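Number of protein chains: 2
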Amino acid sequence: MQVIRTIKELSVLEKSKTVVLVPTMGALHEGHRKLIQEGSTLKTDNVTLIVSIYINPIQFNDAVDLEKYPRTIDEDYKMCEEEGVDIIFMPSDSEMYPSRPLVNVTETSLSKGLCGSKRPGHFDGVCTVVTKLFNLIKPNYAVFGKKDYQQLSVIRQLVKDLNYDIKIVAVDTQREVNGLAISSRNQQLTTKEKEKSAVIYKALNAMAKSSRTVSSEIIDLGKSILEEESKCIHIDYIEIVDRTNLNKLEIIDRPALAAIAVKVGKTRLIDNIEIDFE
Amino acid sequence: MQVIRTIKELSVLEKSKTVVLVPTMGALHEGHRKLIQEGSTLKTDNVTLIVSIYINPIQFNDAVDLEKYPRTIDEDYKMCEEEGVDIIFMPSDSEMYPSRPLVNVTETSLSKGLCGSKRPGHFDGVCTVVTKLFNLIKPNYAVFGKKDYQQLSVIRQLVKDLNYDIKIVAVDTQREVNGLAISSRNQQLTTKEKEKSAVIYKALNAMAKSSRTVSSEIIDLGKSILEEESKCIHIDYIEIVDRTNLNKLEIIDRPALAAIAVKVGKTRLIDNIEIDFE
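Those sequence lines, one after another, are chains A and B.
Quick note: the first sequence uses the numbering used here, first residue 2, plus one each step.
Quick note: the second sequence uses the numbering used here, first residue 2, plus one each step.
With the rest of the complex left out, here is chain A:
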């Protein structure tokens, strides 16, 4: 395994036939392991599997959040080594943003609801850094998790609208035994908070299994389940959206997504579940 820290080193790499990219912000956990493993399944001869580790400052709209974001680089190396990663790309801020970027990539629709309305500028930061990584690494495949469903949708749109010849591989959310979606931010939870946070997936599951078709009723159901734990769970949003355009859905008459964001203590957690329509 090779660790590349500069754009120059990256640019002189001999190009293999197929490049698979797993973009991360480090603090790798079992969710990332699954992304890397999915990337590995694409490995045949002459395939390079690259994990990028870069905490992208321009997608944080809260300096404290950026500061608090976990960094576990030794463990990250270990996991990549275990999973047969060929290259870790770990650029510096000064290489990624030598000066304030004047050119940005923005998304004007999918990024506006859900987390987008709570984190202004976040998805523009994501689009811009992903475009930069795509141009630097020139992958044929890029692997993203469904836990960040809105991000996945935005990136799919970016690939389509900007004509990238890149296949986006979407990987199911990995969960703790109690159902809590695995996230780097879980490290910030106390044991007690972690236990209580299991209610998020419990609520999502109940919503997906409900026989109701009026979204507001299904949302009320989810809300009532979350509110049983209301002592430490504060709802940021709970929504049902059209899975293709992420617009709010009144009636479940097409493939939908139930999405929840909560604050548990000082930690913001998100999760979602697909609601199929037969």
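You can't tell identical chains apart in this list, so a pair holds if it fits in one copy or across any two.
Restricting the straight-line Cα-Cα distance to at most 25 Å, the calculated cross-link-like pairs of lysine-lysine (BS3-like) are:
| # | residue 1 | residue 2 |
| --- | --- | --- |
| 1 | LYS139 | LYS18 |
| 2 | LYS168 | LYS44 |
| 3 | LYS195 | LYS224 |
| 4 | LYS161 | LYS9 |
| 5 | LYS168 | LYS18 |
No lab work stands behind these hints, which were simulated from the structure alone.
Values in this document were obtained by computation on a predicted structure and should not be read as measured data.
Dock chain B against chain A, hints included.
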């Protein structure tokens, strides 16, 4: 010479070692010929020279202007053939924009003054289509003219900020015998208007040769020369800017650019000249 009209045909092309792109909107003239010739000088073994011809609707903020934009496809083919172009890429609107694009590339500083302030959204449209063409064609070199100096600056910034591994080749403005910068829009001028429009370059030259260093005085000089022809020339802007960031410059104490936009009848013409600083 091969004419490629679909993205699919383009994607199955065998990739040569080096690709040179000359992006155009067609209506090719002697200015484009020079761009193509500059591209040709990069031709050694295993180099493909591609001219794209695509009138990008999203960079026109005026439907009439888009409608009026000249189309001379037979002559365009002829010139490309004469200049040894390997491929003309001529996609349709429905392939370039199968639906309203949700992801856009925007520039927030260089694009705001000069023509940017007169044509809102224009440079975002340019950035977005150039990004699409870069991703589709994957050039190693892309050739742009200095007549559209602001466009050139914006594209250089795009390449830098988004980490494209593409060298931008800048080509000097080509001129009619009377000094008028060659432009597709010149076709819209009457013979009389064409004659009168020579005053634009006359004004720019006088500005560049002036021994004054206070921009407002140099601008007044240019204005007075243009105003001699004021019966058919209407000044849109006349400015002196810092060549590196395109900010207005009070005193010429660094490499500068004098830029003029006028309306001659119904036709908008732009031109510029570099003012060096010793």
